[in-house]
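A.B. asks: What follows is the residue order along each chain.
Protein chains: 2
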Amino acid sequence: MHIEDLRTSAWRLNQRLKYIAQRGQILEGEYEATVREIIGRIKEEGDKALFEYIKRFDGLELDQDTVEIPYEELEKAYEEIDEETRQALEIAHDRIRRFHERQKENSFFVEEEGVILGMKVQPLERVGVYVPGGKAAYPSTVLMNVVPATVAGVEEVIMITPKPNPYTLAAAFICGVSRVFQVGGAHGVAALAFGTETIPKVDKIVGPGNIYVALAKKLLYGVVDIDMVAGPSEILIISDGSVREDWVAADLLSQAEHDELAGAFLITDKEEHAKKVVKAVYEMLKNLSRKEIAQKSIEKFGTVFLVEDLYQACQVANHIAPEHLEVLTEEPFKLLPYIKHAGAIFLGRYTPEALGDYILGPNHTLPTGGTARFFSPLGVYHFIKRSSVLYVTEEGFRDLSDHTKALAKAEGLEAHWLSVKIREES
Amino acid sequence: MHIEDLRTSAWRLNQRLKYIAQRGQILEGEYEATVREIIGRIKEEGDKALFEYIKRFDGLELDQDTVEIPYEELEKAYEEIDEETRQALEIAHDRIRRFHERQKENSFFVEEEGVILGMKVQPLERVGVYVPGGKAAYPSTVLMNVVPATVAGVEEVIMITPKPNPYTLAAAFICGVSRVFQVGGAHGVAALAFGTETIPKVDKIVGPGNIYVALAKKLLYGVVDIDMVAGPSEILIISDGSVREDWVAADLLSQAEHDELAGAFLITDKEEHAKKVVKAVYEMLKNLSRKEIAQKSIEKFGTVFLVEDLYQACQVANHIAPEHLEVLTEEPFKLLPYIKHAGAIFLGRYTPEALGDYILGPNHTLPTGGTARFFSPLGVYHFIKRSSVLYVTEEGFRDLSDHTKALAKAEGLEAHWLSVKIREES
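Residue numbers (the working numbering), protein chains in the order written: chain A, 242 to 667; chain B, 242 to 667.
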């Protein structure tokens with residue numbers, strides 16, 4: 242792990258951050274032509290192109306009948322997975338659901354003389370959830386992406402996944418996914434965006450995926466809505482040295498094991514503590530099953546920032562705007578008012594990120610790579626949309642017509658002016 | 242205007258909608274290389290490239306000192322515009338502000354045994370508002386884009402505009418814009434996204450613009466957040482024949498005069514009424530100052546849909562998901578529960594769109610081209626972001642640790658498992 246001493250030279254922060262930011266830089270140019278072609282063909286040819294791509298990329302011979310995973314298989318998966326995992330999934334589902342219920346929004350109306358104004362809040366009708374196959378095929382992803390949609394009231398949640406496994410299917414069963422299709426990649430995303438003879442067209446696509454999936458989502462933004470533009474994930478730990486070094490080290494590694502490009506960062510005002518954490522990280526790495534991935538992440542991007550005090554620690558944290566922020570200090574709540582930018586804030590020694598990833602209830606789909614400055618955790622608010630409602634009586638109209646005409650005149654829009662004028666004359 | 246009779250052949254709706262949708266199809270390929278180059282140069286060279294582009298595209302010799310419009314000029318513009326417009330702008334500002342105050346969201350915390358979970362809601366720190374120059378330089382645009390940001394609590398609102406005029410500057414003064422820069426185009430958008438020596442970097446860019454601006458915003462989505470992907474605007478009127486034909490016609494034209502690509506659509510169950518509306522449209526067109534624009538829009542895209550009854554009218558409206566929907570019927574509230582997709586819903590004969598465009602209070606920046614299926618009117622919710630907050634006591638941790646380990650094991654993430662296990666042993 243690299244150590245950056247900001248106590249004497251705070252300007253080095255930006256240099257290091259610039260380096261760290263590189264891991265998020267997507268070589269879009271390289272893939273874009275391919276993804277554009279896939280999108281274009283799915284749009285024009287529908288199923289025909291879809292099944293061709295499934296054959297080419299996934300090596301599978303699927304058709305209109307076999308691309309959909311029947312509901313019975315979900316139920317079967319649910320029954321066949323081990324009791325311990327099933328129970329944990331049920332509890333996680335219940336807790337996630339309860340937390341997200343709090344995010345619901347209501348329509349409102351306000352009245353004043355001659356005018357009623359309102360905002361009508363409605364769920365999206367149909368959404369698509371992308372669940373990756375391969376090394377990142379996680380049942381927790383299913384729960385975290387589907388539950389906010391169902392809580393919002395979305396009628397139909399379509400899940401696509403290139404490689405279903407019993408855990409993800411069981412999770413889909415638990416949270417009541419409407420339909421599951423065995424398809425992934427940019428072709429799967431495009432099929433959801435335009436609809437094909439077999440895949441229903443959706444209004445929004447959410448969920449993580451590889452570079453092809455991420456790029457397809459970004460290119461199709463506007464045709465459908467998407468959740469966010471996601472990059473490699475990261476954890477940042479603020480520590481005052483009051484928490485055991487091996488706990489801190491384990492938390493750093495729990496991020497590093499995700500991805501070679503994952504970022505694990507520590508900010509502390511205790512130099513000795515920092516050294517012990519680094520030592521513990523390398524010690525633990527030795528026996529880790531995902532050692533190769535975690536080691537690359539730690540060596541390439543792992544960073545300790547030494548700061549003067551916890552106030553500077555918060556400043557640095559805000560500058561980084563991390564996806565996950567752990568506050569491992571004696572009095573973690575004391576720092577909360579100073580934290581402006583972070584996807585999720587884990588307070589205190591008994592709140593390791595892993596608890597939040599799986600079971601506590603808040604969403605684990607979080608803004609990465611500094612986008613916590615402007616993006617939010619996935620939530621019910623991502624699955625609703627609003628319409629303004631306006632009603633004016635004749636009296637209300639007469640109170641406001643002159644001002645409306647004045648503004649229409651200032652903007653040179655005569656028909657706007659006329660649509661008011663003509664009503665005044667009646 | 243084209244008349245489509247859906248009473249006998251509803252399938253023709255899709256054909257016509259496909260034709261109408263063409264107007265929103267952006268020839269991205271044509272402009273994308275140019276816009277990408279501009280973005281790349283602004284990112285690398287900052288001010289140097291910025292002032293070069295200002296010279297090339299706007300024909301202006303500006304530098305670090307002259308690109309910013311001093312505050313005194315805003316004040317001066319406010320004082321110098323005519324009293325009637327100034328008063329109308331003040332009243333509009335006040336009403337917009339009051340409506341948007343209702344959209345504010347609060348942080349929340351929930352507690353249960355051993356666990357505190359919360360969502361911390363905070364305003365974005367700095368946002369950029371794009372205000373077009375030329376034919377679309379409207380003071381109402383300034384109010385509608387800035388007010389939701391200031392109500393949300395955004396500290397700094399940076400406005401850029403290639404061609405300031407007294408009305409837009411006065412509007413900027415009224416709603417308390419922080420700084421105004423005279424720059425536009427893709428180079429202006431890129432400057433806001435990356436920051437230059439002179440232009441401050443922002444977290445989000447909102448506001449309408451031409452194809453270069455729209456494309457730059459889309460390409461920079463992820464570097465910053467953006468409001469929405471906007472296309473040409475449209476109005477759809479549901480009429481039962483109870484409202485005067487010339488009123489209906491004026492409302493259709495108030496949309497058509499915006500843009501040759503604007504869409505003006507009427508749905509009615511009264512054939513005679515439809516014919517009279519069409520006649521009134523052509524009659525009014527004759528003397529309209531923006532006749533050329535409005536006529537092209539009406540002739541190319543203007544459409545009357547004849548339906549069986551008002552229930553079918555709502556179905557068609559939902560299919561179109563219009564930006565503006567006027568319900569000109571005897572009992573407009575009766576249809577409200579059937580309307581699923583629309584940016585703004587104007588109920589009743591005394592609520593022409595123009596009132597909503599300027600003065601009523603709800604935002605006039607609305608989702609276009611069918612995106613009302615998933616996008617919302619611009620609002621306070623576009624200028625805030627959320628962070629999850631999680632805190633667990635030792636007892637709370639012990640209640641949940643086994644389930645967390647079970648899920649970490651199922652997903653094969655050993656360091657996640659370890660970060661829990663290690664805390665159990667203490």
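None of these hints come from the bench; they were simulated from the model. Keep in mind that a hint or two might mislead.
Since copy identity is lost for identical chains, a pair holds within one copy or between any two.
For lysine-lysine, the following BS3-like pairs were computed, each having C-alpha atoms within a straight-line distance of at most 30 Å [stated by the list, open to error]:
hint, residue 1, residue 2
1, Lys532, Lys459
2, Lys575, Lys289
3, Lys317, Lys537
4, Lys662, Lys541
5, Lys581, Lys459
A.B. asks: Work down the list of hints and note, for each, if the structure agrees.
C.D. replies: Results for each hint:
no.: 1; hint: Lys532 <-> Lys459; in the structure: neither (32 Å within a copy, 39 Å between copies)
no.: 2; hint: Lys575 <-> Lys289; in the structure: neither (59 Å within a copy, 44 Å between copies)
no.: 3; hint: Lys317 <-> Lys537; in the structure: neither (39 Å within a copy, 60 Å between copies)
no.: 4; hint: Lys662 <-> Lys541; in the structure: between (68 Å within a copy, 27 Å between copies)
no.: 5; hint: Lys581 <-> Lys459; in the structure: both (27 Å within a copy, 26 Å between copies)
Hint check: violations occur at hints 1, 2 and 3; the rest are consistent with the structure.
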